[in-house]
Amino acid sequence: MINNDLYKRQYVIAAIAILIVAIYIVRLFALQVVDKSARERAENIALVHQTIYPPRGLIYDRNGELLVYNQPIYEVLMVVHDMNTKEHSFDTLTFCQAMQIDRQAFEHRMAEIRDRSKNKGYSQYRPQIYMTQLNSSDVAPLQEALYKLPGVSIRKRTLRDYTYASAAQVLGSIGEVNQRDIDRDDYYQSGDYSGRDGIERTYEKVLRGQKGVEILMRDNRGCIQGSYKNGENDRLPVAGENITLTLDIQLQMLAEQLLQGKIGSAVAIEPSTGEILALASNPTWNPALLIGRQRSSNYNALLNDPTKPLMNRATQAQYSPGSTFKIIQSLVCLQEGAITPNTLYPCSGPGSTPIKCTHHHGSPVHLLNAIEQSCNPYFWQAFRDMLEKNGYGKNNENFRKRYQLWVDDVQTFGLGQRFADSDLSEQSSGSIPTVAQYDKTYGKTGWRALTIRSNSIGQGEVLVTPLQLANVAATVANGGYYITPHLQKCDSLLEHVHHTAVDDKYFPVVRAGMGRVMTNGTGRHYALPDSIKSAGKTGTVQNRNGRDHAIFIGFAPLDNPKIAVAVVVENAGFGATWAAPVASLMMEQYLTDTIRRTDLFNRISTSVLNSNVKHY
Amino acid sequence: MSTRNSNNIFRQVDWLTIGLFLVLVMFGWMNVLGASYSFDQTSYFSFDYRSGKQLVWIMGALLMGFVILMLDWRVIEMSSYVLYGGMLLLLIATPFLAHDIKGSMSWIDLGPVRLQPAEFAKITTALALSKFMSGYDYKLRSWHDLLIPFIIMGVPMVIIMVMQKETGSALIFVSFFLMFYRMGMTGIVLLIGAAAVVLFVLSLVAGAWTAVAVVGACAAIAIAFLFYRKWKDSRKWRLSQLFIVIGFAIVSSVYCYACHFAFEKILQPHQRTRIEVLLGLKDDPQGAGYNVMQSKIAIGSGGVLGKGFLNGTQTKMNFVPEQATDFIFCTVGEEWGFAGSTMLLILYLSLILRLLSIAERQKDQFSLIFCYCVAGIFLFHLTINVGMVLGLVPVIGIPLPFLSYGGSSLWGFSILLFILLRLDASRFEKMR
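Chains as they are written, first to last, in my numbering: chain A, 1 to 616; chain B, 1001 to 1432.
Hints in this document: simulated from the structure, not taken from any laboratory. Think of the CB as a built atom: it goes at the ideal place given N, C-alpha and C, for glycine as much as any other residue. Be aware that one or more of the hints could be misleading.
Among the chain A residues that face chain B by a calculated CB cut under 8 angstroms, a handful are [said to hold, decoys possible]:
| id | residue |
| --- | --- |
| 1 | LEU6 |
| 2 | ALA46 |
| 3 | LEU47 |
Listed below are the simulated DSS-like cross-link pairs for lysine-lysine, each with C-alpha atoms no more than 25 angstroms apart in a straight line [said to hold, decoys possible]:
| id | chain 1 | residue 1 | chain 2 | residue 2 |
| --- | --- | --- | --- | --- |
| 4 | B | LYS1139 | A | LYS8 |
| 5 | A | LYS440 | A | LYS389 |
| 6 | A | LYS8 | B | LYS1363 |
Bound-form chain B, shown alone (with noise of 0.2 angstroms):
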């Protein structure tokens, strides 16, 4: 059986999202050069360099890939909960193991690499809710359903958060949303989510009034349609219909006020200032917005086909923090221009389709669960480092998959990938 599969293997993986999955390895490592090269580097290939250890990394990925394609992907999915519980305790012991890097307590000293635990963490959550919720016995019917997946996504992330003090890794683990509105949450759950994002920021832009006004005037609308269909619905559906849009906008007019309160007079002054300079309400090159106002005129700066491999000088003069790490895509925007940074996304979203079509085509609940808690990772990662980079989105540090340097975050995205395709390798082999 095993030789069986091993001769498969390479037949049935996805070659498509392993092409995509080299492409951006390699674009990525040229970024890390362009984004840490200095002049007087002698060898882009020397470990001393970033070039030269995040190709070793590279190795390190491909390795495990190749790994992870050669187990049986039963002892993937049997091992799902002891991984789960083995991450648990790594996550609660690693500050008393950690050193203290820039005030988080989230890497482990292993001899000439330091890990970050909370990268793979995710992968070992991503499989225990996938265990979980494809059991024989499990149904998606109410609620009351999600509590236990809840759990196994909020421990590690309280974990994350309070322990390791790391927001933006556990921030993550909302991305597994995505998976449990394809799974049959309802979809009423990401419409708040939006809501409430969007009425946030209108209120503190606009003010609470204006706030007010707009969803006075949705509901004004969605009451009407309501009246223009009356032909259609019952007069007891649209009783209801209408009684659920007035208690939603009564709501969100609590809420734009509470928002507005909350800013004003339960916020710290420094995250008030870094919420104001996000909204565009405050102009402070200096301070909060130091880092988005020099990213955003690093990309600006490369027009629309850039200034060229290795030409980048804002990112090579170091006036972009993190540019190897969280703000590689400045170095994309700035050496590749309008041209390259659009190819990129253009790349990142052919995979995130990609993968949700390998997702529906599985046969089995584990492996169909999976795929999407991967795919909402990569579009979640995505949209917050993106957006922050554009500065469209808060800083909050996270990685862009593949593309920024450094060990942990590209071996915990492989792995991702790679039990992924290893599940959808043998599809057909898991008949249920």
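The shape of chain A in the complex, shown without the other chains (with noise of 0.2 angstroms):
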């Protein structure tokens, strides 16, 4: 074996140990610069990122009372990888005593936290949320018993509460977000909340604010270490924005105690700025009621109730205006000079043909009587006259050119459409029938004034809502135009004015016909104290639904007028009896500040015309 040539053998074992360092080299260079996944894995083992949540934007009322604020609450978070360590399987029995619960709803949770269908983002480094909205004192157990359970860990969150039991409807909720949530804004992870139903969700961007992170560093047993690089990467939250509303707390809360058992809703709306000062829909609840643990089987109970107290009914609920509607008749056919303040039709009283009268008073009437003493066939004529003023012409086309006329100009009040530049996020269209829809009912030439006569009298097809009813009688106190009905009180939604079809001039007759009603006419049991001069229509609507719904709108004072109030009581009998003083002691105490008819107050608030109506 041996010969002179072994020394060359060093360069044999120079060269294995060459390659074995060149291996190893290349080894280190597809770990460390062509695979760019450790650093992320990495980062998912040993540092946790907390989510820094903001405290959600206060809301305040138009008097800058403080209407919803935070409350803490803990949620148990779970890493799932932790939990297990490889001395330690995961205490249930601890963890269960401490939670108050048993072993079999821990199995049921934690499988369903691992279900990937149920729990789209999940990750067994990441904390899940194992249950949330919990109080201090739910989690106090938890909290001693935390040190021997690796992988569990409690969260500070905020949640809602109330100084009032009231406006919920407008204030709306918050709830977790759905996977809907989360694919349509990455900003939102699983678990997070987000307003869920009016000023809420409308302007939840605004009352969120921005999450903060906290970048922490964890050890193998799930313990935390401390911040990561000194929080050079964290990220500090930035508190919601605080809202002021457009409503007068008071106000709400008065037109809430008078709905008392009964269906229906009231508005309030400033006519000068279009600002809503009270929306108020019953049946109603406490908002405190859809927060915390209990937000779930309160929600089911609300909405499984047949009164359907979720529907927001001021915006939502649609019903036929009846002789509110005159309003706009008489408007609208004056513009199109079917009428003047002075044209006379009879009314030959509860007997008249096809549109009758419902109780006797003098004939023939002038435009001022006719709203006074809300004359149906005077509205019906001159609805008729309206639209055969230029006859039916070859193929009903006349006819049907000025029903559009017709349309064209009620839609400029605000109906049959909705408020699309509002911040209302619930709202209906209301109806006002187009020429295509009669057409397809009745045929081109098959329909005419007659056909459609129940509209005269606002008990036709056409249907508004509550809002829409408010917004009309601002339109009148403003005397041809509003401004969008909006909730937060803000100065660009102010610029939203919109001018009605009708010419400013037509409007005085037609204020004073209103005020006469309040003075001589269906309201002068609900004229205002303090001798207010104030402005009503009644309305009393025939509906399939049993009793007639009663209906006003007005405002007050006549002059100068501040407060404009739409009222729908359903099936509560006379527009008058119901509605009038509803809207009337609205008026008196935003007005006055105080409400002097409290024999009044106190009987309209006690009366309960619906038993199905709960209290929530």
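Two independent chains are provided; combine them into the complex using the hints.
Okay, here's the thing in structure tokens:
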């Protein structure tokens, strides 16, 4: 074996050493330079991104009264990967005792957390919400046992709380985001809260603020070992902005009290600004019921209530306007030259056909008296003359053109459509039937003024929401224009001015007629005290669901309107009996800051007209 | 004579090697600090912490190095067998003196410090091998001449493996094969070793059939080559080569099936899992693959330039096991990145190549053999340790020279290196 060339073997040995080091350098290159995933994986393992939730913006009423604020709650989080360490398996018994649940419930919930079809963002390395919306006494036992439970942590969050048990539909509520929210806006993560309805939803982006993040390091046992790079990459949360509403909480509460035991709604608007002063819908609930752990059970109770409390009747319920529509009818007929304030039409009393009057009054009447007396035949004849002004023409053309004109004019009062430039999230559009709709039902030549005569007195296919009615009252109060009704006190919302198609000069006579309703007509029993002049129009709407709906629209003071109101009480009877007093008391409260007609207040607020209405 | 020596020694000693040694040791200390640093740590130097202890071990190593350089080289050579015998007795006694630490019985308490005799056994074995194989009447001519060296090498190996259950420390003795090769053992042994490893992996990863096919293909190429060289070699030679190739192919094929069989039927399930995880046949991040997965993540997260000194999260948060000792390279990878770890590997390579060149300039067999023993030990440690951390070699718990935390291993490597330097320093006196 021996030979003199053995020294050459040093080169073989050196080559082996160089080869090994070269292989290792290539391997390092692959691990450290080529493979970019290691850093992310490492961060998932050693770094905990703790979200810091900002406080949500507070909500105030127009007078600076705090309505909605935050209360601390706690949630229990779990990092599934860390629960079972090499040395210990998870101490289920301790956990269940601290949480006061049984083993089955625990395992059921854990299976839910792990199920990626239900919990899409599941990762065994990231904290998952085990239970949320606990108060401090709920988590106290767990806090004490936490050292025995690796992977479990408690996070403080905030929930809403309410100063007044009022305005539930307007304020709305917050709830956990669903998968659709997460897909649509990457700001949200599973377990976040967002505004689900009402103001909370409309102003979600203003109220929520900006989440912060704190990056922490944790060791192999899941214990937090301090902040990563001294917090260099942390981000502080930005608190949500506060919002001031246009609501007057005193007026809102009064409206809700007056509607107790009834199904209905009341809307008050400041005519000069379009600011909504009150937006009450009954049945309603205490907004505090939809926070915390009882949220879902309470929500289901509300959802299943046959009186549909979750529906905001003030903006979503649609009714025939009844006699309150005569205000629009007057203005449109004046504008389109069908009548003048002095045009006389006969009223043949309750026996007249096909549109009868409900009671006897002097005949013939001119516009002022017709409004005052709510004379049905007058408005039918005015409506007919408006539509038939040019006759029917060939193929009904002339008539259909006039009807289109009427529709266009009526729509300029904000009817038949949602207020698109408003900040109200839940609205119905109401309905002003179009030419096309009637053509479809009757054929182009198959319908005449007589066919749609019920619309003349607000009983036909025309549908409105209480908010639209209040806006009509505000439009008349303003003498020809309205500012889109809105809920946030905000200068830019005041720029949404809409002029009606009716010339300003026709408004005074209608206002005068509405004033006479409150002195001589159907509203005379509910004139305001202190000789504050008011204007109004009652409506009593026949409907298929039982007794008539009571409706009232009005504004006060007559000469310098500060408040316009619309009230609807379902199946109550005469508008003059049940809607007018509600509106009148609201105007009194708003204009004088007090209620002096306490007997009236007591009588209305304690009357139960619908025994199904529950008080939540 | 001795005064002349002590005057001369600092002129004769190889300062380049000492420089590499100092750089490695100090870099090691920084990484021990990085790996064991905790946030409430008040001092880097306190003996309560690993970084403080390591500093004491470093001082001890420097002192030992100085003492060794002061020794006469003849004392070292002459005491080889005595030291070897003493070490064998100590290794046998260790399990009786030792406390059970993590199932291994290899630590002896000496007051405040604990020592692992196995770390020193490779020094005495290297000395004994050098002494025996440099004898006047010794010549490595055939396999018979390797018998006694194998016994010298095998006895401590068996004691460590059987009595102390330290497979990793025992495996180190295999590194002496590098020296045997340099001293004349046929290179086929290394080749067969390499082929055995490659075929083992191949037959498990790709199946026995594929491995046989590869063997067949190699054999075919070799035979074709033999025919191609027809005009150069004699017919007889070619025929003998042909038989060798065919024989080799048959043995290899049998071996492939044997591997497959042994793996499926003989190995315990947990051993099988370990091998499967290493070969990437099985993903088991919680079990056998946990350590290697964490170590690969830690290294990978370092990126090109690393996270910076003391900024490693994976190692500091204890995700990587044994991060100050056997897995110290993770800290290097995470905090110093590709740049730092490559630099470290090149430092090691420089040291090993330097030791090879020192070996070749020796005038006597004893020094030459000893130098190759040292170079082999360092190369073997480097290969196994870094390969394990990078997930290329099974998890075998052996330290990285000069970097891993621990007094025994640091002192063991330092003594090896300084004995080598001492021998080298007097190379001109030893004319033979």
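* Is LYS440(A) within 25 angstroms of LYS389(A), Cα to Cα? -> holds (23 angstroms)
* Pairwise hint evaluation, LYS1363(B) against LYS8(A), where the allowed Cα distance is 25 angstroms at most -> holds (16 angstroms)
* Residue hint LEU47(A), partner chain B, criterion CB-CB below 8 angstroms -> holds (7 angstroms)
* Interface hint status, LEU6(A) versus chain B (Cβ within 8 angstroms) -> Result: holds, 6 angstroms to nearest chain B Cβ.
* Asked: Has the given pair, LYS1139(B) with LYS8(A), been kept, meaning a C-alpha gap of at most 25 angstroms?
  -> holds (18 angstroms)
* Would you settle whether the hint for ALA46(A) is holds or violated, based on the nearest Cβ-Cβ distance to chain B being less than 8 angstroms? => holds (4 angstroms)
Hint check: no violations occur; every hint is consistent with the structure.
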